[in-house]
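What follows is each chain in one-letter form.
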Amino acid sequence: MTLDLVIFIISALTAIFGALMMIFQRNPVASVMYMILSLVSQAVLYMQLGALFIGAVLIIVYAGAILVLFLFVIMMLNLRQTEDMDSDSTPISKLAKFLVSGLLFLEMLFVVRGSYFQSSVETGLLSPQIDDFGSVESVAELLFTTYLYPFELTSILLLTAIVGAVVIARKPSNEDPVEILPFDSDDDEFKSAKAAE
Amino acid sequence: MTVPIDAYLVVGAGLFGIGVIGVLVSRNLIILLMSVELMLNAANLALIAFSRALNLMDGHAFVFLVLTIAAAEASVGLAMVITLYRNHDTVNIDRFSILKW
Amino acid sequence: MFEIVVITVIKVSVVMMAILTGCAYSTWLERKVLARMQNRVGPTYAGPFGLLQPVADGLKIIFKEDLVPKNAEKVMFALAPIVTFVPAILTFAVIPFGADRILFGHHVKMVISDLNIGVLWIFAVTSLGIYGIILAGWSSGSKYSLMGGLRASAQMISYEVSYGLSIIGVIILANTLSLTEIISKQSSDSIWFFENWYIWKQPLGFFLYLTCAIAETNRAPFDMAEAESELVAGYHTEYSSMRFSMFFIAEYANMLAVSSVGAVLFFGGWNGPVLPSILWFLIKVFLFMFFYIWLRATFPRFRYDQLMSFGWKVLFPLALLNTMVTAGFKMIK
Amino acid sequence: MTEYIYLIPILPLIGFLINGLALNRLPKSVVSAVACGSIGLSFVLSVILFFELKALEPSSRVIEQVLFPWISVGSFHVNFAFLLDPLSAIMILVVTGVGFLIHVYSVGYMSHDPGYSRYFAYLNLFTFSMLTLVLADNFLLMFVGWEGVGLCSYLLIGFWFEKKSASDAGKKAFIVNRIGDFGFLIGMFIVFWSVGSLNFNQVSSIAPTVFAFGGTLITAACLLLFVGAIGKSAQIPLYVWLPDAMEGPTPVSALIHAATMVTAGVYMIARTNVLFMLAPDALMVVAVIGAATALFAATIGLVQNDIKRVLAYSTVSQLGYMFLACGVASFSAGIFHLMTHAFFKALLFLGAGSVIHAMSNEQDMRKMGGLKKHLPITFMTFLIATLAISGIPGLSGFFSKDEILWKSFSSQSGHPIFWVIGFITAGLTAFYMFRLVYMTFYGQERMDEKTKSQLHESPKSMTIPLMVLALLAVVGGWVGMPHILGATNYFEDWLSPVFSHGEAVNTHALLSSTADSSMEWLLMFASVALVLVAIYLAYNFYLKKTSLSTAMKEKLSGVHKTLLNKYYVDEFYGAVIVRPIIYFSLFLWKIVDVLIIDGLINGSATVYNDISEFLRQGQSGRVRSYATIFTLGVVVLLAFFMTD
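Chains as they are written, first to last, in the numbering used here: chain L, 1 to 197; chain R, 1 to 101; chain E, 1 to 333; chain B, 1 to 644.
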């Protein structure tokens, strides 16, 4: 029982616990809080795998921005207790949903444990095999060389998302000042401009 | 002794499964969106784990890109939630059945 | 192994004590300075120059009744002060406050944890601090609190962007995310001991950092979240007793944190001649704190929409510009 | 300067783009300035390049300019490259020079047309295509220009597309040309298949080593290429489009259907002379077709009443001459006639245009007459051109035609029969041309009063090109005087490097079998005498005793009718080719398309409709149930891959 293992077990259990609580909460704010709990635990797992940078970025991006946005929306819409989870589905359909998810989980377990990925690699915070594993430099180097193209594309994606979000969420205003000019007006302009010449 | 990589993958699989349950079961659109984020995170965890196992940094780069997509998804998703709420006064996903016929 | 644990525990305790004391006396400082600026005298009764006033305040607040509103979300309500308080303290884990020295035969680094992603750590922790305020505002079940929480969340999301970008310039120059290394790159042996401070190369970055930091800590003139003239006391309207004091301490801890980070990033941290390094660090932090109080005494509060447009339309483009120009210079070099 | 070869075609293209894109938005003066200016610059460049080329050693007068690699697939490499050698130099001079004059002429001729800038845009595009054609250094690029001129020809013939006959004529030209292009393409494939290159110079140097002299393959390739030439240059049996092409504006007829495009076939054969020299049988076919066309078209030209149609058949006939020259392996004579013909035929058309312009768009010669005093400049220039085409000694047409006649008689691959046909054709040419002149410019004025009152000489922009062309029609032939007159044939010398390859592979083709100068003198006098007789006959028939011509008409009414109806060739084509195609198309439309294909499509649509109606029931509209099914799909897929 080493420290690594203890940290792993604790954070893994917390991550799973937080995720479960998140989906079964009726109160969306509590959901978000559990999601943060799960996220921070996951960040710990990342860092244990040597991904210090990505772990920090995960917290900054998710906890610092995305989930605050969720909270902001929840508070803006003032959602308190929402309706009962899945109240109007029949128990059978509910069961089916759990069954399907469970099957998917089992299959994934099978993939992990099966012959698809045979792992004898052991992990720990202090034993990375390449020198600067998980460092900012190494991630940045990949992003700006090998994955430059996808990286640039994601910037376009983000821009699109921003524009899309603004357009979707904007209140439609009834008084758009669209001036409708008579058709020949710019023809007249053209003529007068020509006359001026 | 250290933690074998499989353990991380199992955790990732578990988180993914929980995310799937969340998408299928929850009626609150916001929680549904968060479940999707959870699934993305589960995939990220697996990517990091593989990255470590193979001693390749590429996984990290992918996680970075996935984070970007998650952010984009969240922003657009929340914008849609706000619009839907404005028009229907609810975020209960079962109320939105205009996809029908 | 054991040695490291012991040293770390000692460092953590010392730093914790220092922060709490610092917070306590920051309140004294604020009251004293504000009073002087407004042509008053401030606290004088408790101890010489009113120096025992923070102690008296603390005792008073602890013995007050702990009220929880009826329609509050109990768990969240209890959680909120803690969520605010803990990240504020955690920031100090990576801030180097002095040069390495030999103490009792041990080589001791004057930093709790010399993380090589120190800057990111500060960001991650700071971003978690928002939740306390949001939760407090939401869980109180009060309109004023909710408004305060909403404002705080929007404000922090907005200013965090510029906040992050403002220090990218320094990171580009220093080529590292480790605070210790950033400090060592600003050291200089010449008589002009301040010649390598990044404030000279990053004046715009410093200005942006200062502005955003004030917004991040919800201090005047950006204290929209607790604007007493509009929202009674904002997100902590419903809090009392110990829970209130936690918000209170967290605010000052946050101020200390951003002051320390500012000193580290732009003023060479503990670098300085003659005096011991820790003292230099404290002097710089003190100057920051003084500046904060000065600002509070000087500026009226912004309006909410002014705050937002200032953040997005002025600070954000400037921060982008600063980043691009710095990167350009770096590339040319 | 030679690095600016590419500018020659590019300039008209720029003109086209400006006029074409700014359709009708530019004032007419700008349009004409752009159009004429671009081609004028091209002409100046061509002249400069011509003299630069001339300054070089005769053997090194080949300049290739590779603009960029165009297609490079496996062993197939084609460059976008231009080739400037004596042959293409002559061609670009003719194209840009005559083209420029016609552009200037058009400024006056088209001044009242609503499609002014469209017209000039097309004209510039045509010039670009034609220059690409003649400057191309490989078959493929040449084909691009080839198709380009075809397209422009279609556009310009159908320029007045609101007139049904014009749009029909455009379509006819396009379709008939397609047949020829098909042959050209296949010929090109054969060349590439055997030689492995499409570059003219490479083909010329490699072809003699890969093709057996007179072998089947080379003969087939040459014949197929010749099919292309037949289509483009309006030879039997694909000449039918050219007379109809007279529906286009007259300057277009002058430029495209007399001076430039129709000569593309001749140019192509001259360009690939090595291949044709390797296939004597194909050469013989070229000569036969050329001679037959010359005679055939001349006979039709005898009786036509439309002023432009006479000229059109005359063009077909003269093109036949050029092919005859090529067919007897005297390519330089063919090109020489091409050049002189470009001058006087352009002049004839422009003169005819001037007449039509004056007559308020009347084209029937029976309603003209006595225009001599109304249109003095037009008359003078027209007369010069007529004398030139008839072969009056001293004028350009005489030299080129005489050279062809002599070569067809004396050359090893020629035959006295060719000479006889050419001889008769020369007489016929003189006859119908003077018939035209007499009917148009002399005699009594047969037009109605209104037209008569509006008779006027054309504006300067039209008459100046006429005068310049008249000058060229006179002196243009002096560069290629026959040896027996004691002069040097500069033209032949100039072109000889181009044709030396061909002569090398087939050395005896050009040898004169009867290298007798007295014989040459004799033949020359014979043809001149015949021409004079023909002119005299025309004078008698159409001016002095017009009753004679009507009497002739009565007497030979069968022949006359046949000729007037152009030997019923169009009707023959209609019955044998067009009608079966129409019936077959009707079958495809009514039976195959409507019943079978539409039935299948509508039937499948109905089936899908029914299926969808059924499946629609499964859509609850609930996102979560969709998601469940989606996840189930993932589970199943994953299971499938795992058991794999």
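Worth flagging that the hints you see were computed from the coordinates, not collected in a lab.
Keep in mind that this is a model prediction, so the values were computed, not measured.
Mixed in with the good hints there might be a few duds.
[What the hints assert, rightly or not] A few chain L positions that, by computed beta-carbon distances, are all more than 10 Å from chain E:
1. M33
2. L71
3. M75
4. V166
[Unchecked claim] Restricting the straight-line Cα-Cα distance to at most 30 Å, the calculated cross-link-like pairs of lysine-lysine (DSBU-like) are:
5. E/K74 with E/K11
6. L/K171 with E/K143
7. B/K555 with B/K452
8. L/K171 with E/K313
9. E/K201 with E/K185
10. E/K185 with E/K74
Virtual Cβ for every residue (Gly too), placed ideally from N, Cα, C.
Taking the hints in turn, this is what the structure says about them:
Residue placement check: L/M33 does not keep its beta carbon more than 10 Å from all beta carbons of chain E (closest about 7 Å). A cut-off of 10 Å between C-beta atoms contradicts the statement that L/L71 is not in contact with chain E; the least separation is 5 Å. At roughly 5 Å, the least C-beta separation between L/M75 and chain E is not larger than 10 Å, which violates its mark as non-interface. At roughly 12 Å, the least C-beta separation between L/V166 and chain E is larger than 10 Å, which holds for a residue marked as non-interface.
Restraint check: the Cα-Cα separation between E/K74 and E/K11 comes to about 35 Å, which exceeds 30 Å; the hinted pair is violated. For the hint pairing L/K171 with E/K143, the CA-to-CA distance comes to about 24 Å; that is within 30 Å, so the pair holds. Between B/K555 and B/K452 the alpha-carbon distance is near 34 Å, which puts this suggested pair outside the 30 Å criterion. Distance check on the hinted pair: L/K171 and E/K313 sit about 21 Å apart at the alpha-carbon level, within 30 Å; holds.
For the hint pairing E/K201 with E/K185, the CA-to-CA distance comes to about 13 Å; that is within 30 Å, so the pair holds. Our distance criterion of 30 Å between C-alpha atoms is broken by E/K185 and E/K74, whose separation comes to about 49 Å.
Comparing the model with each earlier hint shows violations of hints 1, 2, 3, 5, 7, 10; every other hint is respected.
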